[in-house]
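Here is how the chains run, residue by residue.
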Amino acid sequence: MKWETVIGLEVHTQLATKSKIFSGSSTAFGAAPNTQANAVDIALPGVLPVLNKGAVECAIKFGLAIGATLNRVNVFDRKNYFYPDLPKGYQISQLAKPIVEGGALKIVVDGVEKTVNLTRAHMEEDAGKSLHEDFHGMTGIDLNRAGTPLLEIVSEPEMRSSAEAVAYARALHTLVTWIGICDGNMQEGSFRVDANVSVRPVGQTEFGTRREIKNLNSFRFLQQAIDYEVRWQIETLEDGGRIEQATVLFDPDTGETRMMRSKEDAHDYRYFPDPDLLPVKLDEPWIESVRAALPELPAAMQVRFQNDYGVSAYDATVLTGSRALADYFEATARACGQGKLAANWVMGELSAALNKAELDIAQSPVSATQLGTLIARIQDGTLSGKLAKQVFEGLWEGAGEVDAIIEARGLKQMSDSGELEKIIDEVLAANPKSVEEFRAGKEKAFNALVGQVMKASRGKANPTQVNELLKGKLQ
Amino acid sequence: MSDTSLSTLAAQLAAKQVSSRELAQTYLDRIAALNPSINAFITVDPEKTLLEAAAADALIAAGQAGPLTGVPIAHKDIFCTDGWLTTCGSKMLHNFVAPYDAHVIQRFKAAGMPSLGKTNMDEFAMGSSNETSYYGAVKNPWDTARVPGGSSGGAAACVAARMAPAATGTDTGGSIRQPAAFTGITGLKPTYGLVSRYGMIAFASSLDQAGPMAPSAEDCALLLNVMTGFDPNDSTSLERDKEDYTRDLGKPLTGLRVGLPREFFAEGLNNEVAAAVDAAVEELKKLGATTVEISLANSKLAIPVYYVLAPAEASSNLSRFDGVRYGYRAPDYASLDDMYCKTRAQGFGAEVKRRILIGAYVLSHGYYDAYYLQAQKIRRLIADDFNEAFKVCDVILGPTAPGTAFKLGEKSDDPVEMYLNDLYTIPANLAGLPGMSLPCGFDSQGLPIGLQLVGNYFSEAKMLNVAHQYQRATDWHTRQPEALQ
Chain C
1 MKWETVIGLE VHTQLATKSK IFSGSSTAFG AAPNTQANAV DIALPGVLPV
51 LNKGAVECAI KFGLAIGATL NRVNVFDRKN YFYPDLPKGY QISQLAKPIV
101 EGGALKIVVD GVEKTVNLTR AHMEEDAGKS LHEDFHGMTG IDLNRAGTPL
151 LEIVSEPEMR SSAEAVAYAR ALHTLVTWIG ICDGNMQEGS FRVDANVSVR
201 PVGQTEFGTR REIKNLNSFR FLQQAIDYEV RWQIETLEDG GRIEQATVLF
251 DPDTGETRMM RSKEDAHDYR YFPDPDLLPV KLDEPWIESV RAALPELPAA
301 MQVRFQNDYG VSAYDATVLT GSRALADYFE ATARACGQGK LAANWVMGEL
351 SAALNKAELD IAQSPVSATQ LGTLIARIQD GTLSGKLAKQ VFEGLWEGAG
401 EVDAIIEARG LKQMSDSGEL EKIIDEVLAA NPKSVEEFRA GKEKAFNALV
451 GQVMKASRGK ANPTQVNELL KGKLQ
Chain S
1 MSDTSLSTLA AQLAAKQVSS RELAQTYLDR IAALNPSINA FITVDPEKTL
51 LEAAAADALI AAGQAGPLTG VPIAHKDIFC TDGWLTTCGS KMLHNFVAPY
101 DAHVIQRFKA AGMPSLGKTN MDEFAMGSSN ETSYYGAVKN PWDTARVPGG
151 SSGGAAACVA ARMAPAATGT DTGGSIRQPA AFTGITGLKP TYGLVSRYGM
201 IAFASSLDQA GPMAPSAEDC ALLLNVMTGF DPNDSTSLER DKEDYTRDLG
251 KPLTGLRVGL PREFFAEGLN NEVAAAVDAA VEELKKLGAT TVEISLANSK
301 LAIPVYYVLA PAEASSNLSR FDGVRYGYRA PDYASLDDMY CKTRAQGFGA
351 EVKRRILIGA YVLSHGYYDA YYLQAQKIRR LIADDFNEAF KVCDVILGPT
401 APGTAFKLGE KSDDPVEMYL NDLYTIPANL AGLPGMSLPC GFDSQGLPIG
451 LQLVGNYFSE AKMLNVAHQY QRATDWHTRQ PEALQ
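These protein sequence lines map, in sequence, to chains C and S.
Sequential numbering from 1 applies to the first sequence in the working numbering.
Sequential numbering from 1 applies to the second sequence in the working numbering.
Hints were generated in silico from the structure; no laboratory data involved.
Certain hints may be false.
Sample of chain S residues facing chain C (criterion: CB under 10 angstroms; computed from the structure) [what the hints assert, rightly or not]:
| hint | residue |
| --- | --- |
| 1 | L85 |
| 2 | C88 |
| 3 | A202 |
| 4 | S205 |
| 5 | S235 |
| 6 | A350 |
Heads up, the beta-carbon is just placed ideally off N, CA and C, and yes, glycines get one too.
Please build the complete structure, drawing on both the sequences and the hints.
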């Protein structure tokens, strides 16, 4: 039987606000346990939540960026359950009336574009952390993270492969960091993915029973977990078994998923509207002011890059992989006036060097202005491609500006034909055998002579010019 | 005790006839003498009280006194009070010393009013008799075999016995007004949102409201001036211009339209209470008021609606008492779940557990629509009835409670019988309206009878004047239990 995979993702993005969603405590990562937990965060008797408008603005930005409906009145609910790192015994979330509904995101897999629709996105608070080590059989509770604002983004079950799921997760990651509502740091848990996975026979319209893989914190794990889960579900079904609705965890060490809880163990969260918080009202001036502050979005930028700089659709997608990269490319292209060359250099030499050094584009030792100048020097004939790579190395090492490096290292391409003719004459005089062979019809001998000239010029001769002059002399 | 009205005490302090320390000491002495038989206080700390009084004296000496600076007050043990034990009447918080002051406490401190201590209350404010307190029942100063009402029973009893000139209370379904009625004092529940709930331990967040309890309406007006005001820490706090609630005191009642809801004078109302309320109506007519019969048809559903919504909110509000971070934790447990179960089984009393169970039930999957959502709809209808009524009247009048103070233990085995005590007070909470209770007579056993007024939103000043004019014409509010004279 042929099987079809159905995947929907729920992504928890930590919103990049300075303070928590319902208290004034800092959200900075890595502080000593419980030093960023105030009376509200530890849920002392009598304390009350006050909504951080910054978190709402992040959600509005996201809704606008994906073309969603912004619910002008949205409501916070309480999700009730007991856990030691959940201080109030309930999490403040949004169930019936989330701030964002609908919207869509475009992804590209193997050159094919696809639109993934979103169901909703809602604001909620994060829980604290339980620390099970170093407490001699007891559990330590760190409430620094309790109350950190999250936007939970839920997709429709429209992805049909792990590759599509990863492409969607990446596109979402790009978008939330692009619009500045999330720092995107997956190691620190700022972007966590839950994948709902089911399979069904090809042609069947109703969905199979899904299992939810919780808390995937890298794109690689997302891919591995889904691939394993799909294989497991298909094998189970083909062996005559049944899939039970369940929540599972992915173990990166074994590459397998394992059951966390079955549907029977599912909580009844007893949601109800939080009486401590008024419904959130969004008015048009507020929404418009947020819209006005939104940067140009990746999709629009991709179209513009193709039109303005003549880059391919694929290159445009790569160059808009992050806002920093796109900004870098555009600054480079503007500095040199050469879109395609700029794209090649940014995606080629620069990316390779950054990867090798494990640096982010924002940490690049070579500025966009410098790279632009370098490309301009290729364009005006000052540098050959080969020389340019040497100048790039100089820039990377921090040896100075482009022209200074060219000057200091004597890397300027030879443009004086008199000087070049002199070198050619010397080479011809020193290699009578090659000259003879060429005249006897051996084309290879010509290349050898070119090589000699280039060597004698220490790479600074213009190869095109060398070819022309050499041909003239040998005729 | 002689005249202890807040205006008199403030005048004596201003004239330096008495110091705040002396005044505080007088009340502390009376607490020491009477509290063992009344049990109105959970915590008394004379040293702290006298320190605060000395600070008030310094303000007075420096000419920086406000209208009530130096006048002491007792606080319900539901308000978090920095450095004081704050138990909320529960074993669960038997060891909880609050690290911060509730907004209400901050305001009284800023007004220079020393705290006489923390008053007893039904556990987590759940009760109408003060018998659910972990710290023992409060006795009614008029008859110590009887309850003072609840949940602000300690506050009411300490004022009635003049162990404090005034007290703070909270009212979720009648917890200020019913004990005020049972103990012959005046108590006011303001419009929802007028007084910040920050630092007031939550029972049912959408209904809870703090208010003043004192012998007279004038006292309550002065206290309300201190308590009200916008608080950015409470999202349901209303941002309004500051009012002077004494501003209407002294205005004649000529032309006042008093609405008499026929449902509040129907079956179930004690005859003596009905007679006293009727007499009060006649008194108000003499003062220039007219009456109009109104209907609050949906109010008959107030109790069932309340006993869905309040427990629903409470079941969630009380989840934080889990033994993890503060308060009581069971001494022995085998696992996390066992720790939760034992801590909450041992830390909460029967009434609190009953309401948590009801609340969890009405919010659970499959029951939510039938109970919680339905109750919210009826809550809206109850509020609509009031809106209609206020088109034809300025204030609504009726009994505060169906009867007078009952005997200790009399209703504690029958929760529903107990719940019926709040029949007339709950509608105002559900609608968010201000309501007050004031003394309007005594029954044949010498027990106080309470008259309830319910006003339109933000009509506290007007309502207080109605009570004030009535109190100028009568002396019920000045009577004190003879046994305690």
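We went through each hint and held it up to the structure:
{"no.": "1", "hint": "L85", "result": "violated (12 angstroms)"}
{"no.": "2", "hint": "C88", "result": "holds (7 angstroms)"}
{"no.": "3", "hint": "A202", "result": "holds (7 angstroms)"}
{"no.": "4", "hint": "S205", "result": "holds (4 angstroms)"}
{"no.": "5", "hint": "S235", "result": "holds (5 angstroms)"}
{"no.": "6", "hint": "A350", "result": "violated (20 angstroms)"}
Hint check: violations occur at hints 1, 6; the rest are consistent with the structure.
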